[in-house]
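Listed in order, the protein sequences are those of chains S and X. In case it helps, the numbering used here puts the first sequence at residues 987 to 1101. In case it helps, the numbering used here puts the second sequence at residues 35 to 147.
One or more of the hints may lead you astray.
Using C-beta positions, here's what the derived DEER-type ranges look like [as the list claims (entries may be wrong)]:
| no. | chain 1 | residue 1 | chain 2 | residue 2 | range |
| --- | --- | --- | --- | --- | --- |
| 1 | X | 44 | S | 1006 | 32 to 38 Å |
| 2 | X | 147 | S | 1086 | 35 to 41 Å |
| 3 | X | 117 | S | 996 | 39 to 45 Å |
| 4 | X | 147 | S | 1006 | 22 to 28 Å |
| 5 | X | 85 | S | 996 | 16 to 22 Å |
Calculated lysine-lysine pairs in the DSS-like style (CA-CA distance at most 27 Å, straight line) [unchecked claim]:
| no. | chain 1 | residue 1 | chain 2 | residue 2 |
| --- | --- | --- | --- | --- |
| 6 | S | 1093 | S | 1055 |
| 7 | X | 43 | S | 1093 |
| 8 | S | 1088 | X | 48 |
What the hints contain is simulated information worked out from the structure, not anything from laboratory work. For glycine and all other residues, C-beta sits at the position ideal for the given N, C-alpha and C.
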Amino acid sequence: AQSVTQLGSHVSVSEGALVLLRCNYSSSVPPYLFWYVQYPNQGLQLLLKYTSAATLVKGINGFEAEFKKSETSFHLTKPSAHMSDAAEYFCAVRESGGSNYKLTFGKGTLLTVNP
Amino acid sequence: NAGVTQTPKFQVLKTGQSMTLQCAQDMNHEYMSWYRQDPGMGLRLIHYSVGAGITDQGEVPNGYNVSRSTTEDFPLRLLSAAPSQTSVYFCASSPGGGLSPLHFGNGTRLTVT
């Protein structure tokens, strides 16, 4: 079964600093990969998804993620953090091929942005 | 377009009581699923459905039942609530698999005393 590991349950950055949230998946066949964001007391919203058209994927709110097959990684970055980026971020994976629907989530990384 | 609607938003139950969490979507999505979210555990899949009349178990199905009589609705039933079921529950749907993202409801916060 697919699994996904998010390194660091809590990341704290200063406003304007680089944001780097790590995600590694466990599969020899690249799965479908997603990043979601959850603001306090809300459901999850899609930030971006890997489509295989390009290894660098741009999402909403200035976030982007780079797919690296050799490292089985899909890390999320943003060049300059904003206070409004404070939220919990989840990496998710869906097996490729066939009629696979299930999405498996990592345990999440809580991003704190300090003024 | 309401998307995925969950009711109620909050619920308190006593141990042993039963209840149904409601989920409805108006996007004609074939896939629907229920997750529970607990601190430090991420989201764990409880049950899912790939169409009306078809359901299957996820990672943590014990203590929960589901049914899918229509495309729109996917209720989650707690048969005999236990304190371990205190959690935030999310319903999510998608038009299919592959690259189709999940659309989430706003969640139901359940406390079992």
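| Hint by hint, which ones does the structure fall short of? | Hint check: 3, 4, 5, 8 fail, others pass.
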